[in-house]
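S.K.: Sequence:
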Amino acid sequence: MDFSFYIGFVLAYTLLIPGAIMCLLPVKNHLRIPIRKLSLILFPCLILYSLLMPFVEWQFLTVSHNILFTATFFLCFPLYCMAVDMEKLKLFFLFLSNIALLSFGGISYHMIDAYIVIKNIDSPFYDTAFISQWFITVILMCFVFLPFMCRKLTWILEHFHTKSVWRITWIVPALITFCNYDMIPKEYKNLTTERFFTIYLVIDFTLLSLFLLFEEMFYQIAKTLIEKNEQEKKTQLLEIHANQYQNLLHYMSETSKLRHDFRHTAHTLLSLAQENDMEKILHYLREYNQELDSLSVYFFCRHTAANAILSYYADIISPHCIQTNWNIDLPDTVPVSDVDLCTILGNLLENAIQGCMDVPEMERFINLSADMTKNGELYLICINSFNGRVKLSGTKYLSTKQSGNGIGLLSITATAEKYDGMTRFYHSDSEFTSEVMLSLGKR
0 MDFSFYIGFV
10 LAYTLLIPGA
20 IMCLLPVKNH
30 LRIPIRKLSL
40 ILFPCLILYS
50 LLMPFVEWQF
60 LTVSHNILFT
70 ATFFLCFPLY
80 CMAVDMEKLK
90 LFFLFLSNIA
100 LLSFGGISYH
110 MIDAYIVIKN
120 IDSPFYDTAF
130 ISQWFITVIL
140 MCFVFLPFMC
150 RKLTWILEHF
160 HTKSVWRITW
170 IVPALITFCN
180 YDMIPKEYKN
190 LTTERFFTIY
200 LVIDFTLLSL
210 FLLFEEMFYQ
220 IAKTLIEKNE
230 QEKKTQLLEI
240 HANQYQNLLH
250 YMSETSKLRH
260 DFRHTAHTLL
270 SLAQENDMEK
280 ILHYLREYNQ
290 ELDSLSVYFF
300 CRHTAANAIL
310 SYYADIISPH
320 CIQTNWNIDL
330 PDTVPVSDVD
340 LCTILGNLLE
350 NAIQGCMDVP
360 EMERFINLSA
370 DMTKNGELYL
380 ICINSFNGRV
390 KLSGTKYLST
400 KQSGNGIGLL
410 SITATAEKYD
420 GMTRFYHSDS
430 EFTSEVMLSL
440 GKR
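For what it's worth, numbering that gives the first Met the number 0 labels the leading residue of the sequence shown as 0, then goes sequentially.
Calculated from the structure, these hints are not laboratory results.
For every residue, glycine included, the Cβ atom is placed at its ideal position computed from N, Cα and C.
Treat the hints with care, since some could be wrong.
[Said to hold, decoys possible] No more than 35 angstroms apart at the CA atoms, straight line, and that leaves these computed lysine-lysine pairs for DSBU-like:
# : residue 1 : residue 2
1 : Lys-27    : Lys-279
2 : Lys-87    : Lys-279
3 : Lys-373   : Lys-87
4 : Lys-87    : Lys-36
5 : Lys-232   : Lys-36
6 : Lys-87    : Lys-27
7 : Lys-27    : Lys-373
8 : Lys-227   : Lys-151
9 : Lys-162   : Lys-279
[What the hints assert, rightly or not] Estimated spans, in silico, between C-beta atoms of each pair:
#  : residue 1 : residue 2 : range
10 : Tyr-5     : Asn-228   : 52 to 58 angstroms
11 : Gly-440   : Ala-413   : 28 to 34 angstroms
12 : Gln-235   : Phe-204   : 32 to 38 angstroms
13 : Ile-183   : Pro-77    : 22 to 28 angstroms
14 : Gly-387   : Glu-349   : 17 to 23 angstroms
15 : Phe-204   : Asp-419   : 30 to 36 angstroms
16 : Ile-315   : Tyr-425   : 32 to 38 angstroms
17 : Lys-227   : Phe-134   : 27 to 33 angstroms
18 : Pro-359   : Thr-234   : 24 to 30 angstroms
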């Protein structure tokens, strides 16, 4: 085996290392293995693989290097999914995006290789082209991926959960990769003219610009949709507040009327008592009590927004024969935004109600507690009855609805992480438990 051939292809396969770095950085918070431990295993394996693969290529010279190199990437994808605790569609998009970015380095190899051949430059053929490919790849990683793409990809992966979108977004980086692969010249004589070589450069630069534009547009669209969703939550919260305010005004008006009419009520009861008509007294008191019950206003805690959202869901729960035991101990003000607090409470109760609806009426219950410690930690625990059937993706719960994605639990976790908190979800045969902790001490 020619030494320059061996060194060149070792350099080619070590491009898996920057590829692995770009695949792991955006999901570093979701690794199933600590990143130090993973690095000690992964990178020595990639180096060893790079040292051995040139011998494989030497044995199978009829197989294109590009095919073997691309196949290597896709053989790594199942291992990538095992190492990262995230939906496979998201990982597939990130994986293909990084392959697309690396493919521009691959095209640079063929362009520089062709230039050397066309100009008949006396240089170590494999070394020069492969070193140039490494140089272009490092430039793209250091000046494109790390400062611009990495942060935005991390945000999209952690906050954007619309499954229907993730099913199609991978097509764009796949097309970019295919276009770059298709642009590999079959014969370098096709690039002999200066004009054609320039056009080749312009096309590839245009492809790179379109790819980066797509990544930026995807980020901006996802961000806009998330902000719209947040605004809708705020609007819904305001509507709930307004509804509670109207209920309170109605309650005050009616109770004022009852207080005004209570003198007549007392006279009526006195007259009936003097007549010793217990049956009419009991009937009158029952009607009066029902009228009072119809005017009842929920009061769970002193926190206005939390009380409003809890009252909203209490009205929803009321007709479904669900037993509730809610112990909410929240002060007037809590160092967490009303939207975030109500998002957590709303998602907890929506999931709990959905779980209760799948069991007989006599077995339905929702136990909810919320309180703050002296250290400023807010704890929320919700336990509800359910039928014991769950869907899991790794350690994550998915919705049991046909089109559900478990967005409620993902939203709770994402909101808790904003406040340096944590979540824990687990189940038994008949109960589902959600535990949320927000660290608010430093806020």
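S.K.: Among all the numbered hints in the text so far, which are the ones the structure does not match?
M.R.: 1, 2, 3, 5, 9, 11, 12, 15, 16, 17 and 18
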